[in-house]
Amino acid sequence: MRHPHQEEIEKEIQRSTKSIGAAERLFEEGFLEDAISRSYYAILHAAKAVLLFENIRVDSHEAVKRLFGLHLIKTSKIDSKYSRILREQQDDRYLADYDVAFCPESERVQKRIEDAKDFLEAMLKYLQERGIDFSESEGNVVHK
Numbered sequence: 001m002r003h004p005h006q007e008e009i010e011k012e013i014q015r016s017t018k019s020i021g022a023a024e025r026l027f028e029e030g031f032l033e034d035a036i037s038r039s040y041y042a043i044l045h046a047a048k049a050v051l052l053f054e055n056i057r058v059d060s061h062e063a064v065k066r067l068f069g070l071h072l073i074k075t076s077k078i079d080s081k082y083s084r085i086l087r088e089q090q091d092d093r094y095l096a097d098y099d100v101a102f103c104p105e106s107e108r109v110q111k112r113i114e115d116a117k118d119f120l121e122a123m124l125k126y127l128q129e130r131g132i133d134f135s136e137s138e139g140n141v142v143h144k
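In the UniProt record's numbering, the protein residues as written are 1 to 144.
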């Protein structure tokens, strides 16, 4: 049985996957601030997918962080490390997008990209364990 938000969940996962690919390309080209921003958006979209699975629709960055913590971390559905990753990525994204003095080291950017991959993988596992099947989705949901 398909989840009522299956199509939206798939689209959020696709956006997450594309954002990771963009972050990797931006990193390779030396656009470190932009790579951090895309890494954060990969996490944001993956978190939104899981919240949609829980029938929670969110419209703001802060709502994603708050409701992810409330409905998924505090209930022990998802490991608390993912709340920390979301918070750190959001903080760095803010610096990358708005602080002209922010010059991240490449190691920090690589860590953010790896964290985004880990986050997406964990959210995919969560969804698949609960019956979300991505095999019939349009296009590739996950590009490896």
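Keep in mind that the hints were calculated from the coordinates and are not lab data. Please note that the accuracy of each hint is not assured.
[What the hints assert, rightly or not] Pair by pair, the computed Cβ-Cβ distance ranges are: (1) E121 - H61: 16 to 26 Å; (2) K77 - S106: 15 to 25 Å; (3) S106 - E129: 30 to 40 Å; (4) Y98 - R2: 19 to 29 Å; (5) C103 - D133: 23 to 33 Å; (6) Y98 - D133: 11 to 21 Å; (7) V100 - R2: 41 to 51 Å; (8) C103 - G131: 37 to 47 Å; (9) L95 - G21: 20 to 30 Å; (10) Y94 - E8: 36 to 46 Å.
[Claimed, not checked] Restricting the straight-line Cα-Cα distance to at most 30 Å, the calculated cross-link-like pairs of lysine-lysine (BS3-like) are: (11) K65 - K117; (12) K125 - K77; (13) K117 - K11; (14) K74 - K11; (15) K81 - K125.
Keep in mind the model is a prediction, meaning the values are calculated, not measured. Built from N, CA and C at the ideal position, the CB exists for glycine as well.
Status of the hints after comparison with the structure:
Taking the beta carbon of each, E121 and H61 are about 22 Å apart, inside 16 to 26 Å as hinted. Against the hinted window of 15 to 25 Å, the Cβ-Cβ separation of K77 and S106 comes to about 34 Å, which falls outside the hint. Between S106 and E129 the beta carbon distance is about 35 Å. The supplied range of 30 to 40 Å therefore holds. For Y98 and R2, the hinted distance range of 19 to 29 Å is not satisfied, since their beta carbons lie about 40 Å from each other.
The hint said 23 to 33 Å for the Cβ distance between C103 and D133, and at roughly 43 Å that hint is violated. Between Y98 and D133 the beta carbons are some 39 Å apart, a value that contradicts the proposed interval 11 to 21 Å. A beta carbon spacing of about 46 Å between V100 and R2 agrees with the range 41 to 51 Å that was offered as a hint. The given range of 37 to 47 Å is respected by C103 and G131, whose C-beta atoms sit roughly 45 Å from each other.
In this structure the hint that L95 and G21 lie 20 to 30 Å apart at CB holds, the actual value being about 22 Å. Taking the beta carbon of each, Y94 and E8 are about 26 Å apart, not inside 36 to 46 Å as hinted. Proximity of K65 to K117 is assessed by CA-CA distance (about 18 Å); at most 30 Å being required, the pair is judged to hold. Between the alpha carbons of K125 and K77 the distance comes to roughly 12 Å, so the proposed pair stays at or under 30 Å and holds.
Pair hint K117 plus K11 holds up; C-alpha atoms about 17 Å apart against a cutoff of 30 Å. At roughly 26 Å between alpha-carbon atoms, K74 and K11 fall within 30 Å of each other, so this suggested pair holds. Straight-line distance between C-alpha atoms of K81 and K125 comes to about 15 Å, which keeps the hinted pair within the 30 Å bound.
Against the hints set out earlier in the document, violations occur for numbers 2, 4, 5, 6 and 10.
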